[in-house]
Amino acid sequence: MSTRAFGARVQRNIDPQLLRGEGSFVDDIPLAGALHVAFVRSPFARARINAIDISAAAAHPGVAAVYTCDTIGELDREMPLLIPHPSMKDARTQRPLARGDAYYVGQTVAMVVAVDRYTAEDAAALVDVDYDPLDVEIELEKAILDEAPLVHETHPNNVAAHFVQVSGHPDKAIAGAEHVTRVKVRVDRSTAAPMECRAVAATFDRVTGELTVWDGTQAPISVRGGLASILKLDEDKVRVIAPHVGGGFGQKVLLFYPDELLVPYAAMQLGRPVKYIEDRRENFVGSSQERTQIHTIELYAKKTGEVVALRDSFLHDTGAFIPYGIAIAQVASTSIAGPYRIPNIWVEFTAVYTPTVPITPYRGCGRPQACFAIERAMDQLADELGLDRFEIRRRNLIADAEFPVLRDGLLFADGLAVSLDSGQYGKALEMLAERLDVDNFAAEQEKARREGKHLGLGMAFYVEGTGLGPYEGGHIKIHPITGKVYVNTGLTSQGQGHDTVFAQIVADQLGVKVEDVILVEGDTKAFDWGVATFASRAAVVSGNAIHKSALIVRQKTLTAAANMLEADIGDIELRDGAAWVKGTDRAVPLAAIATATNPLRYAFNEAAKAATQFAPASRHDGPALAEGQHPGLEATDYYSPACATWAYGVHGAILEVDPELCSVKVKRYVCIHDCGNMINPMIVEGQVMGGIAQGIGGAMYERIEFDSDGNLVNANFVDFLVPYATEVPQVEILHLETPSPLNPLGVKGVGEAGCIPVGAVIASGVEDALRPFGAGRFHQVPLTPSMIHAALAAA
Amino acid sequence: MKPPLFEYCAPRTLKDAVAMLAGDPGAMVLAGGQSLIPAMNMRLASPARLVDIQHVDGLKGISIENGRIVVRAMTRHRELELDEAVFRANPLIREAMAHVAHVPIRNRGTVVGSICHADAAAEMPMVLLATGGSVVPEGPRGRREVAAQEFFQFHMTTTREPDEIVVEAHFPVLPEGAGWAFEEFTRRHGDYAIAAVAAIVEPSAGRVSLAACGVASRPVRLEASEQILAGAELTPERIKAAAEAATDAVSAPDDMHATNAYRRHLLSALVRRAVVKAASRAK
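For the protein sequence lines, the chains are A and B, in the order given. All residue numbers for the first sequence refer to full-length UniProt numbering, where the first residue is 1 and numbers rise by one. All residue numbers for the second sequence refer to full-length UniProt numbering, where the first residue is 1 and numbers rise by one.
Since the hints were made in silico from the structure, they are not lab data. Possibly wrong hints are sitting among the right ones.
[Claimed, not checked] Calculated lysine-lysine pairs in the DSS-like style (CA-CA distance at most 25 angstroms, straight line):
(1) B/LYS277 to A/LYS453
(2) A/LYS447 to A/LYS609
(3) A/LYS453 to A/LYS513
(4) B/LYS2 to A/LYS453
(5) A/LYS427 to A/LYS667
(6) A/LYS172 to A/LYS184
(7) B/LYS277 to A/LYS665
(8) A/LYS89 to A/LYS172
(9) A/LYS184 to A/LYS302
[Said to hold, decoys possible] Stretches of chain B that chain A covers, calculated by requiring three or more beta carbons in the stretch to come under 8 angstroms of a beta carbon on chain A:
(10) 1-14
(11) 183-191
(12) 257-268
Since this is a predicted model, take the numbers as computed values, not measurements. By construction, the Cβ of each residue, glycine as well, lies at the ideal position given by its N, Cα and C atoms.
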């Protein structure tokens, strides 16, 4: 093992299993005699519930139970507000089953448990709910008007939160500005659309008193804590397992979805396993969404293009409830100045209740909206000042020597002031310019126009605060029999490749093969300290925790090996699954060291036989384990980041607009990306590519459509247009590696990066292509053929 | 997304199939199931009885007889698309079928099933209309032939009686020397058409046949455009006029995928492209 695993393009450990169809998702867990759940959901966006008659449903053959808010005991309560903030008063969260009022189409009103899902759905149709529908206003800008119907009587003008943040001295800077650019932009609502919808299964063992829950969640430790609290069980009597999970993108970390509480409750009540497998329509109407924001942004500049101040005021749609508090709006507002120096910032947002599916973070979490606002404004500023789009950015990008850049007064989602830690922004921009041959593009564009083709160049820069705390842990143990290395952390994986990148980190320290490092995560019985997978934080927070643990195990291994080989510790090296005396052929396998460090041996295994050939692993008099000594080669350590570390990148595209079909074809798409030191460039590229694919969705295709009554009218994959492989362009990804100074591995997060700038890139490119038509500006995504047609028709 | 209870019948003869269909007013015909099964899973359709015709004798296969391509009821899309004799007899069919959903769906879905489903934005009903084809329903009162022009009434509504099974669709072969073209625009590859146009240009007869889908409550012949092009030289000006005349065929209101104004603009462009391409292929 002479080459370093960290930084290598190592194949993903998990792929053979998943590609052979041997993955085990919640619905694959065999639970004999399991009952199945179907929900009765509100057909009205806002309604009073006068009465619920379950008698026909309860009498339906095969039905085990029908629950309403009156029969779920201690669960009949508002679910927790995850992140309180003083900008919100009386923040509203959902109840597991509606009591008295329904607040969006799809809200759970009653739960049917039956022998199978068919029967459960049949019976759900028999639950008779007497509703009085109420007036609704779905459109964000109208929902805040005085005459708008209220989602919650407690919140006038439907205002859920209002917050202003200031950095520097914007008033003074604005007074001295020579030019102002004002842009109003809108990003519409989308949904994560994970390949596997959400799922929960539970079984309660009356003998041991243990509740076991399989949950397709990103946060099993938190789910366990919540279940233990609400169901009044000891935490160690609740085991939550997130098995293989088919994509999450933030949607699977709500704490709690109604089913996550109700399914375990029903399993305990009924004494049988209970399963809820969400279907696609339910995922559309019952699981969180994100994106709608309307920004009005102003850039105050000098004639040179130097932006001296920024003002942004935006509306944020939070749906019917606000369980995550202001997290998304806060991330958007603190990312609003992007990669630019802009020293003076005033940013205000109003979070607005609408009677729609609740909003929680979806990959990007406010950043795509902020990026769309600042980048569209930068393009317009360039035009107004007669500057090139690259030049305006050159004049405003933070220079390498200026890091760290503190945006005092802007508090990020971790509650700490924004501090951009490192980067090579200027170099990234020049790499993009060179790769796209920007200098010659105007000539190419002109030539194409003469041939009747309309090419456009689009570009956008972004930054992303990643690796949020508070902490994660890593536990590492070298197996005494096989010498394999087991690693536990409190995260879960939804396909990211944690098992490979964490193995790479450990493999280097312990001198073992990547495939001999086995990661176990997503099981509270295996490791139960930690937070969850979200906010592009796994590599940064768990990665460094595992690294720290690996250093301890490495030291223990070296010490034991030095004793066994009777050599100086400085002469020991770990490679090829063994400890070697440098420059000799004297070695002891890790399995033998792990065995020798355990005073209890197993005489029948090879490692034990090998261990006896060497001197003792530990030299001391007295009991087998010296005071303070632990058996085996094992350690647990934690990492708690001081603050977020900021990744960044710049994307550019050459696209062709057909003014007859009003279609957009992306001919080239280039991504320059920097997430600090890369643990595995192939996995980084996979993350970036997946993000860009979702970004293409948000830029051109995906829009959740509500009618004026609040019905989600495209709750299916025919009408909600997730891009296929045929719609996602080839992407050229180029890397920069500017280490983060904030953590031992020098890494930054990458999970969300790809999706952030794509909307701005496409709008920028379409605008450029249609300039000769006088089609104006494109300030809304998804950017559709109908919008291009309207712009051309108005020109 | 689970269907309610239904009775499942798998008859072996057409006579039994017709009797089973007629025997229950809540019965529906199941062929490839690519539209009906999802509709049942979403409980948008709740047939009391499914009459599965896949095992019925005599409903499989394609033949070309008397200037017509006869497509029997259980013929999968993919069979028709890949049939070389069909391609030689009427290449418009293969050109259009590349736009019908995706290969896995074309492997299961049937041509006649798509025609009977009669989605206003579907390709195959429109191709039947463009070629001047017909369908053959059979019911307790016997067998009849219905021209495409009379068959399609409204979105998902045809003149098939509830107790009839459409056993064949007839696509006329392309007239000697005629040129053809199929032009479609979708938001994503394989989606239902925002608008699509089929064109057949017959120089010897001085006739241009044009049909469109996705633009109205059913597939439509673009008669105003056809008249402008009839018996005349297909100059750019005349084609442009025909393309503009087509916009009146757009009656679809604004929907989530396209505004009415955009659909009009789009249809015009597709008509022009289809006529130019079809004319270039004519002999």
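So, going through the hints one by one against the coordinates:
| no. | hint | result |
| --- | --- | --- |
| 1 | B/LYS277 to A/LYS453 | holds (19 angstroms) |
| 2 | A/LYS447 to A/LYS609 | violated (77 angstroms) |
| 3 | A/LYS453 to A/LYS513 | violated (53 angstroms) |
| 4 | B/LYS2 to A/LYS453 | violated (49 angstroms) |
| 5 | A/LYS427 to A/LYS667 | holds (24 angstroms) |
| 6 | A/LYS172 to A/LYS184 | holds (23 angstroms) |
| 7 | B/LYS277 to A/LYS665 | holds (22 angstroms) |
| 8 | A/LYS89 to A/LYS172 | violated (32 angstroms) |
| 9 | A/LYS184 to A/LYS302 | holds (21 angstroms) |
| 10 | 1-14 | holds (count 5) |
| 11 | 183-191 | holds (count 6) |
| 12 | 257-268 | holds (count 7) |
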